[in-house]
Amino acid sequence: MSASDHQLVLLPTPRRLERREGYVRVPAFGGGFPVRDQAMREIVESCLGESTRQANPGEPAIDCRVKRGLMRGLGDGWRSIGSQRYSLTISDQGIVVDADHVAGLRLAIFTLRQLLATAPRDGGRRRLACVHIEDEPSFAARGVMLDVSRTRVPTMAQLFETVERLASIKLNHLQLYTEHTFAYSFAEEVWRGCGPMTPDEIRRLDEHCARLGVELSANQNCFGHLHAWLNTPKFGPLAETHGDWMFDIWPRRGPHSICPTDPASDRFVASLLDELLPCFSSPLVNVGCDETYDIAFGRSKDAVASRGRAAVYLDFVSRIDALVRARGRRAMFWGDIALSHPESIAGVPPEIIALAWGYEPQSPFDQWGRTLREHGREAWVCPGTSTWRTITSRTKERRENINNAARAGAAYGATGFLVCDWGDTGHQQQWPMTMNALGHAAQAAWNTPNPDSAPIARSMHALGDASATLAAYIDELGDADLPLRETCGELSRPGKPSRLLNQSAIFIDMHKKFDEDTHVGDVREWDGTLERLRGLASRIPGGISPLASDEMNHTLDVATFAAERGAIRRRTGGMVASDRARLSERLRAIMDEHARLWRIRSREGGLSQSLAFYRQILDRFEVES
Numbered sequence: 001m002s003a004s005d006h007q008l009v010l011l012p013t014p015r016r017l018e019r020r021e022g023y024v025r026v027p028a029f030g031g032g033f034p035v036r037d038q039a040m041r042e043i044v045e046s047c048l049g050e051s052t053r054q055a056n057p058g059e060p061a062i063d064c065r066v067k068r069g070l071m072r073g074l075g076d077g078w079r080s081i082g083s084q085r086y087s088l089t090i091s092d093q094g095i096v097v098d099a100d101h102v103a104g105l106r107l108a109i110f111t112l113r114q115l116l117a118t119a120p121r122d123g124g125r126r127r128l129a130c131v132h133i134e135d136e137p138s139f140a141a142r143g144v145m146l147d148v149s150r151t152r153v154p155t156m157a158q159l160f161e162t163v164e165r166l167a168s169i170k171l172n173h174l175q176l177y178t179e180h181t182f183a184y185s186f187a188e189e190v191w192r193g194c195g196p197m198t199p200d201e202i203r204r205l206d207e208h209c210a211r212l213g214v215e216l217s218a219n220q221n222c223f224g225h226l227h228a229w230l231n232t233p234k235f236g237p238l239a240e241t242h243g244d245w246m247f248d249i250w251p252r253r254g255p256h257s258i259c260p261t262d263p264a265s266d267r268f269v270a271s272l273l274d275e276l277l278p279c280f281s282s283p284l285v286n287v288g289c290d291e292t293y294d295i296a297f298g299r300s301k302d303a304v305a306s307r308g309r310a311a312v313y314l315d316f317v318s319r320i321d322a323l324v325r326a327r328g329r330r331a332m333f334w335g336d337i338a339l340s341h342p343e344s345i346a347g348v349p350p351e352i353i354a355l356a357w358g359y360e361p362q363s364p365f366d367q368w369g370r371t372l373r374e375h376g377r378e379a380w381v382c383p384g385t386s387t388w389r390t391i392t393s394r395t396k397e398r399r400e401n402i403n404n405a406a407r408a409g410a411a412y413g414a415t416g417f418l419v420c421d422w423g424d425t426g427h428q429q430q431w432p433m434t435m436n437a438l439g440h441a442a443q444a445a446w447n448t449p450n451p452d453s454a455p456i457a458r459s460m461h462a463l464g465d466a467s468a469t470l471a472a473y474i475d476e477l478g479d480a481d482l483p484l485r486e487t488c489g490e491l492s493r494p495g496k497p498s499r500l501l502n503q504s505a506i507f508i509d510m511h512k513k514f515d516e517d518t519h520v521g522d523v524r525e526w527d528g529t530l531e532r533l534r535g536l537a538s539r540i541p542g543g544i545s546p547l548a549s550d551e552m553n554h555t556l557d558v559a560t561f562a563a564e565r566g567a568i569r570r571r572t573g574g575m576v577a578s579d580r581a582r583l584s585e586r587l588r589a590i591m592d593e594h595a596r597l598w599r600i601r602s603r604e605g606g607l608s609q610s611l612a613f614y615r616q617i618l619d620r621f622e623v624e625s
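The sequence shown begins at 1 in our numbering and counts up by one.
Careful: at least some of the hints might be erroneous.
Derived pair list, reagent style SDA-like, types lysine to any residue, alpha-carbon separation capped at 25 Å [as the list claims (entries may be wrong)]:
#: 1; residue 1: Lys-513; residue 2: Met-591
#: 2; residue 1: Lys-496; residue 2: Asp-336
#: 3; residue 1: Lys-396; residue 2: Arg-534
#: 4; residue 1: Lys-234; residue 2: Arg-319
#: 5; residue 1: Lys-496; residue 2: Lys-512
#: 6; residue 1: Lys-512; residue 2: Thr-487
#: 7; residue 1: Lys-512; residue 2: Glu-585
#: 8; residue 1: Lys-301; residue 2: Trp-250
#: 9; residue 1: Lys-234; residue 2: Gly-195
#: 10; residue 1: Lys-496; residue 2: Glu-516
#: 11; residue 1: Lys-513; residue 2: Gly-489
#: 12; residue 1: Lys-396; residue 2: Thr-469
#: 13; residue 1: Lys-496; residue 2: Ala-228
#: 14; residue 1: Lys-301; residue 2: Arg-267
#: 15; residue 1: Lys-234; residue 2: Asp-262
#: 16; residue 1: Lys-301; residue 2: Ala-228
#: 17; residue 1: Lys-396; residue 2: Ala-454
#: 18; residue 1: Lys-513; residue 2: Lys-396
#: 19; residue 1: Lys-512; residue 2: Arg-580
#: 20; residue 1: Lys-67; residue 2: Arg-113
#: 21; residue 1: Lys-301; residue 2: Pro-342
#: 22; residue 1: Lys-512; residue 2: Arg-252
#: 23; residue 1: Lys-301; residue 2: Phe-268
#: 24; residue 1: Lys-396; residue 2: Asp-557
#: 25; residue 1: Lys-496; residue 2: Thr-469
#: 26; residue 1: Lys-67; residue 2: Glu-42
#: 27; residue 1: Lys-301; residue 2: Ser-318
FYI, nobody ran anything at the bench for these hints, they're computed from the structure.
Build out the structure end to end from the sequences listed, making use of the hints.
Dropping the structure here:
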C-alpha cells in the first residue's frame, strides 16, 4: 500500500472520524511544528514527539482549547472518561483541538502524531488530510503490566521507549510486576545479580510517564510468589512452609508465601511499602496476593482449620490494605483467591480495587464482573498477551481473551483494563510478540464495541513497522501450532485430554524428556506444525527494522527447533544419535543468539537464569544419549 492509503489508519480507531475535502500542508519533521498558544507548547511537544515553535500570523498551526488540567504531570481529575474526551479538526486553516481536560489534549495530540507519521511528503512539507474526529475511551484506565521479576528486567532506554510507544496508542497506565527486582536497601542478598530497578530509576521513569500522560503505579507482591526472599536465611523464617504443598494440581516443595498469621509478616510488608511507595507519584499500589496455594500447608494450618482458608487469606489482605491506607495510598489486589470463594467477597476491604485476571478465551469475566458489582466492589479486568511460555504467541486465545475481558468489563462497570505480559520459564518471548498483543489491547480498551484492531494499524503504530506487514505475520505465526494446542492438554495436566492452557504445545514439549508424554499429539499434527513453521521462516517480512528482523528470525529458529524435536520424539524409533548431535548444535546457536538479543533490550542480570532453562534442554541431549 502507498503512504496515502495509510493516512487514516489509526490505533486505536476513533469513535467517529469524518473525512473532509482538502489537505493542509505543515512543516516537515524537525522544522518546528507551529503552535498558537505558547503555554501549550511543552505538552504538545512531549506528545507530538517533535519540536514546536510559536506560530506566525495566518500560518496553519495547532490551536489548543482546553478547559482544565495542569500542563505538567497528570494533574487532578484525569481519571475519568469525560476528562479524556476530545475532538480534533484538521482543515486548510490549521488544527484545532477541543478538550475538557489536558488529558484529552494529550490524546488528541497522539492521534495527530499518528496522522503525521503517515502523511505524504509534498515539496519538503507534510500534507495532512482534512478530518474531523470525535473520540473518547471505553475505559478510563487502560493499562499494561510488564513482568520484571521472571529474569528479564528492561534497560532504562527500553523502558523509556516502551512508555512512549504505549502512550502513543493511548495506553495510560503502567505497572512493573515486582517480586524481588526492586533494590531495597535492606535486602541486597535477595536482588543481587538480578539487575533490579533502583529508587532513582523509578523516579525518573515516573517523571517520564507523567509527561506523556501515563500513570506509573507501584507493584509489589506482598503475600505469595516470594520464593526469592524466602530462600534466604534472613527472610526464610517468614515462610508459610519450606515443605511440600500443592500448586493447584502440581506438587511443589519449598517456600512460596509468607505466613498470614505471623505478625512478622505485617512488619515485612510495611518495610517494603516504606521504601517502594515514595518513588511513585500515583496513589495506586498493586499488592499482588495471588495464587497463595501453600496457605494451610504450613504454619497457618490450625488457623485455616478453625476459620477457613478464605477467612485467613482475607484477614491478611485486609491488614495489607490497612498498611497501604496508612501511607496515603490505595491498594489493588489480584482477585483470584477471593473470587474462588464468592461467599467471601463481602469480606474484601471496600476501598481495595479487585483485579479480575484470566488468560484464556473461557475465563469467566462476565461471572466475575457480576459478582463484584453485586458486592459493590470496584474492579479492573485483566486479560493477557498470550506470549509467555509460547515462543510464537497464541493468536486465537489472545483475541478471544482480550475481547471477552473488554466486553465484560464494559458491561459490568469495570473502571480499568490491565493487560498482563508475564515472563514464566525464562521470559524467552521476543518483544515484537508482546508489542503486537499490546496493540490489540489498546484497541479493545479504547473502543470496546470494535475491539479487533487492523493488523496494518498494529504494524504501523504499535510495532513501528513502516512496511505495515509485521502484525499480520505475527498473527499467522501465533496459530502455527493451534491444532496441537486444541488437543494437547495432557502435556500440562496428565490424564486429562483437553485444550492446552496458558502455553503453546511446542514450548511445553520442548521441556519434556525424550520419552515423556510421546503419546500426546498425533505425529501428523507435529509434522504439520513443523511444515507451517518452516514455511513462515522462509517469508519473514523484509521491510521491518534490523532488530525486529533478528528477533523474528530467532523466534522462528526456536520454534522450528522445538517442533522438530517434538515430531522426532513421536516417530517410530525416536531420537537417534545423529538427531541429538544436530539438534544440540542448533540449540547452542539459539542460546548464543538469545543472549545477544537479550543484551539489546534487557539488563545483564537475569540472563544466566533465562539461559538455564535452555541449558536443561541441552543437558538432556547428553544425559539421555
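Now the hints, each set against the structure:
1. Lys-513 / Met-591: Given pair Lys-513, Met-591 holds - Cα atoms ~19 Å apart, limit 25 Å.
2. Lys-496 / Asp-336: 23 Å, holds
3. Lys-396 / Arg-534: 20 Å, holds
4. Lys-234 / Arg-319: Cα-Cα ~23 Å, so holds.
5. Lys-496 / Lys-512: 17 Å, holds
6. Lys-512 / Thr-487: 17 Å, holds
7. Lys-512 / Glu-585: 18 Å, holds
8. Lys-301 / Trp-250: 19 Å, holds
9. Lys-234 / Gly-195: 21 Å, holds
10. Lys-496 / Glu-516: Satisfied, since the Cα-Cα distance of roughly 16 Å is no more than 25 Å.
11. Lys-513 / Gly-489: 17 Å, holds
12. Lys-396 / Thr-469: 19 Å, holds
13. Lys-496 / Ala-228: 32 Å, violated
14. Lys-301 / Arg-267: With Cα atoms ~21 Å apart, Lys-301 and Arg-267 stay inside 25 Å; holds.
15. Lys-234 / Asp-262: Given that 25 Å is the threshold and the Cα spacing comes to 16 Å, the pair holds.
16. Lys-301 / Ala-228: 23 Å, holds
17. Lys-396 / Ala-454: 15 Å, holds
18. Lys-513 / Lys-396: Violated. Lys-513 to Lys-396 sits at ~28 Å, over the 25 Å cutoff.
19. Lys-512 / Arg-580: 14 Å, holds
20. Lys-67 / Arg-113: Given that 25 Å is the threshold and the Cα spacing comes to 22 Å, the pair holds.
21. Lys-301 / Pro-342: Holds, because 22 Å separates the two Cα atoms, which is no more than 25 Å.
22. Lys-512 / Arg-252: 18 Å, holds
23. Lys-301 / Phe-268: 21 Å, holds
24. Lys-396 / Asp-557: Between Lys-396 and Asp-557 the Cα gap is close to 22 Å, so the pair holds against 25 Å.
25. Lys-496 / Thr-469: 39 Å, violated
26. Lys-67 / Glu-42: Holds: Lys-67 and Glu-42 sit about 17 Å apart, inside 25 Å.
27. Lys-301 / Ser-318: 19 Å, holds
In this structure, the hints that do not hold are numbers 13, 18 and 25, in rising order.
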